[in-house]
Amino acid sequence: MAEAFRGEIHQSVDKKARVSIPAAFRRILDADDLQKGDKGGARLYMVYGGKARRFVECYSKAGADALAARIEAMELGSPERDRAERDLISRSVMVEIEPDGRIVLPQKVREKMGFLGADLTTHGGEAVFAGATNRFKLYRAEVYAAEQEDEDDDDVDPLTLVGRASRMG
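Counting in UniProt numbering, the sequence shown runs from 1 upward without gaps.
Among the clues, some could well be false.
[Stated by the list, open to error] Capping the alpha-carbon separation at 25 angstroms, the derived lysine-lysine pairs in DSS-like fashion look like this:
#1 K137 to K36
#2 K51 to K36
#3 K15 to K108
#4 K108 to K137
#5 K16 to K137
#6 K51 to K137
#7 K16 to K108
#8 K108 to K36
#9 K15 to K137
#10 K39 to K108
#11 K39 to K15
#12 K108 to K51
These are computed hints drawn from the structure, not numbers from a lab.
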């Protein structure tokens, strides 16, 4: 497996919806995009589909290609593939990372995250980059904090969950 996206990193979103990609994440995105975009920067694929999701799921070029390959392996015309294509392929956008390490959050991404209108242009905001091995999730900070409070661990050690998955797989 390639290097994993790890950690919880808080970054400011300015009034123009610009945010800096954490340096460790940029290194992975750069390594996973050998061809680069039109301006020479690594490409980031941002998935904003899925009504129940309160985050934007972000993939490197290699990660986005791997996800597309998994979807292409699904039965053509099946409801599952149609939904995966709609929510994970159609409802996504590619952005190229600028030389200064920033991106401008596209409109659909801002809508998904709740960075809208006068609130953003007056105050800016804060985003959380949450590592998830082969991808990362991008949250509005308030949403991320609320989800962390809502989690119910049931006093289960997370390593036991990994062990269970290994035995089942």
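Next pair to validate is K108 with K137; report whether the Cα-Cα distance is within 25 angstroms.
Cα-Cα ~15 angstroms, so holds.
Hint consistency between K16 and K108 [alpha-carbon to alpha-carbon, up to 25 angstroms]
holds, 14 angstroms
Taking only the CA atoms, is the gap from K15 to K108 under or equal to 25 angstroms?
Roughly 16 angstroms separates the two Cα atoms, so the pair holds.
Within a Cα-Cα threshold of 25 angstroms, do K39 and K15 meet the stated pairing?
Distance ~24 angstroms between K39 and K15 Cα, so the pair holds.
Checking one constraint from the list: CA of K108 to CA of K36, max 25 angstroms. Satisfied?
holds, 23 angstroms
Given the proposed pairing of K15 with K137, does the C-alpha separation stay at or below 25 angstroms?
holds, 21 angstroms
Given the hint that K51 pairs with K137, test it: the Cα-Cα distance must not exceed 25 angstroms.
holds, 15 angstroms
Would the pair K39 and K108 pass a check requiring their Cα atoms to be no farther apart than 25 angstroms?
holds, 22 angstroms
Check the hint pairing K51 with K36 against an upper bound of 25 angstroms on the C-alpha distance.
violated, 31 angstroms
Has the given pair, K16 with K137, been kept, meaning a C-alpha gap of at most 25 angstroms?
At roughly 21 angstroms apart (the allowed maximum being 25 angstroms), K137 and K16 satisfy the hint.
Are the Cα atoms of K137 and K36 separated by 25 angstroms or less?
Holds, because 22 angstroms separates the two Cα atoms, which is no more than 25 angstroms.
For K108 and K51, compute the direct alpha-carbon distance and say whether it is at most 25 angstroms.
holds, 13 angstroms
Comparing the model with each earlier hint shows a violation of hint 2 alone; every other hint is respected.
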